[in-house]
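Chemist: Single-letter residue listing:
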Amino acid sequence: MRKLIFTLFAFILLIATHKSYAQSGQELLDICNMVAGEATYLKDFQIKLDEAKPGEESPTARYSLVLSKNTQYRFSVCNSKDYSGEAIIQIFDNNRLIGTNHMVATGKTYPTFDFKCSSAGVYHIFVNFKEGKQGLAVVLLSYVDRF
Amino acid sequence: MSKRLIYLLLSLIVLINFSSCKQKQGETNYSDEFKIPDSVLTQGELEISEEAMEDIIENVSSPVEIAALIKSVGVPYSKEYLATTDYVDHYNTNFKQALGLGIFGADLGYQNMYNKTGSVVDYLSAIKTLAEELHVGQFFDFTTLKRLATNNQNLDSLMYISVQNFNQMDRYLSENNRRNLSTLIVAGIWIESMYLIGEVAKNTPNPELSEKIGEQKIILGSLMLLLKNYERDPKFKELINELGEIQEIYKEVTITYEKGEPEAVEEDGMLVIKQNDKQFIEISNETLMKIIDKTVEVRNNIIQM
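Here the protein sequences line up with chains A and B, keeping their order.
When the letters of the first sequence are read in order and numbered with our numbering, they come out as residues 1 to 147.
When the letters of the second sequence are read in order and numbered with our numbering, they come out as residues 1 to 305.
Just so you know, the hints here were simulated from the structure itself, not pulled from any lab data.
All values reported here derive from a predicted model rather than from experimental measurement.
Some hints here could point you the wrong way.
Under 10 Å between C-beta atoms, here's a sample of chain B residues computed to sit facing chain A [claimed, not checked]: (1) 159; (2) 243; (3) 277.
Derived lysine to any residue pairs resembling SDA-like cross-links, with alpha carbons at most 20 Å apart [to be verified]: (4) A:48 / A:126; (5) B:274 / A:144; (6) B:228 / A:64; (7) B:278 / A:95; (8) B:228 / B:240; (9) A:116 / B:276; (10) B:290 / B:228; (11) A:48 / B:172; (12) B:278 / A:126; (13) B:228 / B:245; (14) B:278 / A:96; (15) B:71 / B:160; (16) B:71 / A:95; (17) B:259 / B:276; (18) B:274 / A:48; (19) B:278 / A:124; (20) B:274 / A:88; (21) A:116 / B:72.
Ideal Cβ positions, reconstructed from N, Cα and C, are used throughout, including at glycine.
Next up, chain A with everything else stripped away, as it sits in the complex (with noise of 0.2 Å):
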């Protein structure tokens, strides 16, 4: 009997445990706007990718965005706790890399960067989890100011 009542407590425990920790898109909205401090907010991606099958590339999603010419941007990331996926961000001016958040010489990947935009016209934004994990992150734009 007391063996079904532990397990019982474990049950509810753990029902409990799971509910306090499920992030929500809201919640990790509300977290990116604070990472991203001072810049004005501006438009928000949230981004849930499966594991990468074997052998397969990584998931990616895929947004494009117009900005606009001397305006410096704020790109910020916030990955959900529930899943191991960490996202990385690349920019591109049609087929050219311009930037991303993750630096493969030193393996840092960055939850924010700012980009200096210095050509008005259509960007490519790709977002994927390292190693192909299974991952849910929002990406937040903020505008910074005007150079």
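Keeping the supplied structure of chain A fixed, place chain B upon it in accordance with the hints.
Modeler: Frame of chain A, contents of chain B only:
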């Protein structure tokens, strides 16, 4: 005693599960909560694929950026530039309501940038009315926004929540086969932002403002692509023709590029990516005035409808 305890524990489990279900229902699952009648859904095939539409729709026009530029060049706030909210009842079709939502949204961004919370409530009310007519009022947190505006407190939150609410509306419309309305909202924001910057540039000539208007040649190109998807609708066709006249004037604007090597540097612990491209936007005063005048005409046609 043990039976009672087990019963109590089982009740607790049921209660937790129930509250969990309730919480899930409370989360944003608008597709279930707000069924849209078939009559308001887009009918007919799209000219370009949904995937291609997604490629070009994001951030087409940002009232925040335009308002920030106007403020940064030192031009004082003027209520005269804003569209009146007195005749919100005149926006009596989905087409007009979506355009009006965009126009008032841009005006809201302009007022927020200058912290002019006194007049913001009228615009919030107009936006709420139009959003409800379009069945997207659920995304607009009017109570919180009104409280923030009335108390003149936490103005950053006012900006954050209002922009976020617009994004939520846009996302919902796009994901629920009502991208035509989302496109009209974007068009309304662009037209009003162009009107605002044009009026300011007319009264306070400034090279940055002229260049910003010239830069819109690229943005208008993307917007026209979106609108042309619905050109079989006579009202869309009419709007496309009007904006087409502005696009025709834009042919006089020359944009050239000089490619540079992007660089990533660390400044105060923050990663900064510098594009280092150069873009040259050539726009004569005559062309500038033609664009401004035509924009006024298009915008006034919409707000007087």
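Chemist: Would the stated hint for residue 277 (chain B) survive a check requiring a Cβ distance to chain A of less than 10 Å?
Modeler: At about 4 Å, which falls below the 10 Å cut-off, the nearest Cβ of chain A leaves the hint on residue 277 (chain B) intact, so it holds.
Chemist: Hint validation: residue 243 (chain B) versus chain A, beta carbon distance must be below 10 Å. Holds or violated?
Modeler: violated (16 Å)
Chemist: Given the hint that residue 116 (chain A) pairs with residue 276 (chain B), test it: the Cα-Cα distance must not exceed 20 Å.
Modeler: holds (8 Å)
Chemist: Is the straight-line distance between the alpha-carbon of residue 290 (chain B) and that of residue 228 (chain B) 20 Å or less?
Modeler: Outside the cut-off at roughly 23 Å; violated.
Chemist: When you check the alpha-carbon spacing of residue 274 (chain B) and residue 48 (chain A), does it fall within 20 Å?
Modeler: This hinted pair is violated, its Cα atoms lying about 29 Å apart.
Chemist: Quickly compare the C-alpha distance for residue 228 (chain B) and residue 64 (chain A) to 20 Å and report which way the hint goes.
Modeler: Holds, because 19 Å separates the two Cα atoms, which is no more than 20 Å.
Chemist: Checking one constraint from the list: CA of residue 274 (chain B) to CA of residue 144 (chain A), max 20 Å. Satisfied?
Modeler: Holds - the C-alpha atoms of residue 144 (chain A) and residue 274 (chain B) are around 14 Å apart, at most 20 Å.
Chemist: Residue 71 (chain B) and residue 95 (chain A) were given as a pair; does the straight-line alpha-carbon distance stay at or below 20 Å?
Modeler: With Cα atoms ~35 Å apart, residue 71 (chain B) and residue 95 (chain A) exceed 20 Å; violated.
Chemist: With a cut-off of 20 Å on the C-alpha distance, tell me whether residue 259 (chain B) and residue 276 (chain B) pass.
Modeler: holds (7 Å)
Chemist: When you check the alpha-carbon spacing of residue 278 (chain B) and residue 95 (chain A), does it fall within 20 Å?
Modeler: This hinted pair holds, its Cα atoms lying about 18 Å apart.
Chemist: For residue 116 (chain A) and residue 72 (chain B), compute the direct alpha-carbon distance and say whether it is at most 20 Å.
Modeler: holds (17 Å)
Chemist: Regarding the hint that residue 159 (chain B) lies at the interface with chain A, is the smallest CB-CB distance below 10 Å?
Modeler: Holds: closest Cβ of chain A sits about 6 Å from residue 159 (chain B), inside 10 Å.
In the structure shown, a violation is registered for the earlier hints numbered 2, 10, 12, 16 and 18, in ascending order.
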